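> Residue strings, one per chain:
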Amino acid sequence: DVKVTQSSRYLVKRTGEKVFLECVQDMDHENMFWYRQDPGLGLRLIYFSYDVKMKEKGDIPEGYSVSREKKERFSLILESASTNQTSMYLCASSTAGTGTDTQYFGPGTRLTVL
Amino acid sequence: GEDVEQSLFLSVREGDSSVINCTYTDSSSTYLYWYKQEPGAGLQLLTYIFSNMDMKQDQRLTVLLNKKDKHLSLRIADTQTGDSAIYFCAESGTGGSYIPTFGRGTSLIVHP
Numbered sequence: 001d002v003k004v005t006q007s008s009r010y011l012v013k014r015t016g017e018k019v020f021l022e023c024v025q026d027m028d029h030e031n032m033f034w035y036r037q038d039p040g041l042g043l044r045l046i047y048f049s050y051d052v053k054m055k056e057k058g059d060i061p062e063g064y065s066v067s068r069e070k071k072e073r074f075s076l077i078l079e080s081a082s083t084n085q086t087s088m089y090l091c092a093s094s095t096a097g098t099g100t101d102t103q104y105f106g107p108g109t110r111l112t113v114l
Numbered sequence: 115g116e117d118v119e120q121s122l123f124l125s126v127r128e129g130d131s132s133v134i135n136c137t138y139t140d141s142s143s144t145y146l147y148w149y150k151q152e153p154g155a156g157l158q159l160l161t162y163i164f165s166n167m168d169m170k171q172d173q174r175l176t177v178l179l180n181k182k183d184k185h186l187s188l189r190i191a192d193t194q195t196g197d198s199a200i201y202f203c204a205e206s207g208t209g210g211s212y213i214p215t216f217g218r219g220t221s222l223i224v225h226p
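As they're listed, the protein sequences go chains P and L.
Those letters in the first sequence? Residues 1 to 114, per our numbering, in order.
Those letters in the second sequence? Residues 115 to 226, per our numbering, in order.
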């Protein structure tokens with residue numbers, strides 16, 4: 001079974017803090033993604049990566065950066081957290097070249113910025 | 115650009131069938147998916163259908179695809195309280211993209 005884990009289930013930070021969210025997958029997937037999920041807005045793609053050290057902006061990259069130094073790990077960084085970044089953050093991974101683009105999701109990190 | 119739309123809420127009685135509907139705009143979609151998100155958890159793939167199929171059945175789940183109308187539906191037979199969750203419709207393959215486009219999710223509430 002594919003397993004995608006996220007470093008924290010719940011996180012509380014203060015405005016202006018630097019925040020790291022980590023995601024690890026154990027299936028050797030090439031593609032990894034970070035989404036945020038807000039009520040009524042569904043999933044919005046922040047950043048994605050299709051290979052080590054590669055990153056691409058998604059729909060809402062402002063205020064975020066990412067790092068992919070190893071294939072299994074994809075980190076989301078909030079350089080200076082703000083209250084409007086309070087949200088549920090979901091990491092996902094998928095493999096390339098198998099036909100479907102099925103994504104496998106982690107359990108999510110609920111981040112509260114005070 | 116591509117868009118996937120679904121209603122936000124559906125309420126059904128336990129034991130009834132649930133039908134969750136989804137429409138999408140891009141006719142070049144290759145795969146269409148249904149994901150389930152239980153409270154406090156990430157999304158989990160329920161099933162998917164290839165665009166050249168019109169139906170797929172898996173136990174209590176039936177997926178119907180009307181490609182002409184760009185309409186996808188998920189039918190859950192004999193709905194149970196454990197089926198209460200948010201259901202997301204998604205499509206991929208448009209323009210060669212491997213990144214699915216998700217709908218906003220339908221909250222299914224099952225009451226006794």
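Any given hint might turn out to be false.
[As the list claims (entries may be wrong)] The calculated DSBU-like cross-link candidates involving lysine-lysine, where the alpha carbons are at most 35 Å apart (straight line), are: (1) K3(P) - K170(L); (2) K150(L) - K53(P); (3) K13(P) - K70(P); (4) K150(L) - K170(L); (5) K170(L) - K181(L); (6) K71(P) - K182(L); (7) K70(P) - K181(L); (8) K150(L) - K3(P); (9) K57(P) - K182(L); (10) K181(L) - K13(P); (11) K13(P) - K170(L); (12) K182(L) - K150(L); (13) K18(P) - K71(P); (14) K150(L) - K71(P); (15) K182(L) - K18(P); (16) K13(P) - K3(P); (17) K53(P) - K70(P); (18) K57(P) - K71(P); (19) K57(P) - K181(L); (20) K55(P) - K71(P); (21) K181(L) - K55(P); (22) K70(P) - K182(L); (23) K3(P) - K18(P); (24) K184(L) - K55(P); (25) K3(P) - K71(P); (26) K70(P) - K3(P); (27) K13(P) - K53(P); (28) K70(P) - K184(L); (29) K57(P) - K150(L); (30) K70(P) - K55(P); (31) K13(P) - K55(P); (32) K57(P) - K13(P); (33) K53(P) - K3(P); (34) K53(P) - K71(P); (35) K57(P) - K18(P); (36) K181(L) - K150(L); (37) K184(L) - K150(L); (38) K53(P) - K18(P).
By construction, these hints were calculated from the structure, which means they are not laboratory data.
Predicted, not measured: the structure shown is a model, and the values here were computed from it.
> Against the structure, test the hints numbered earlier, and report the numbers of the ones violated in rising order.
Violated hints: 6, 7, 10, 11, 15, 22 and 28; rest satisfied.
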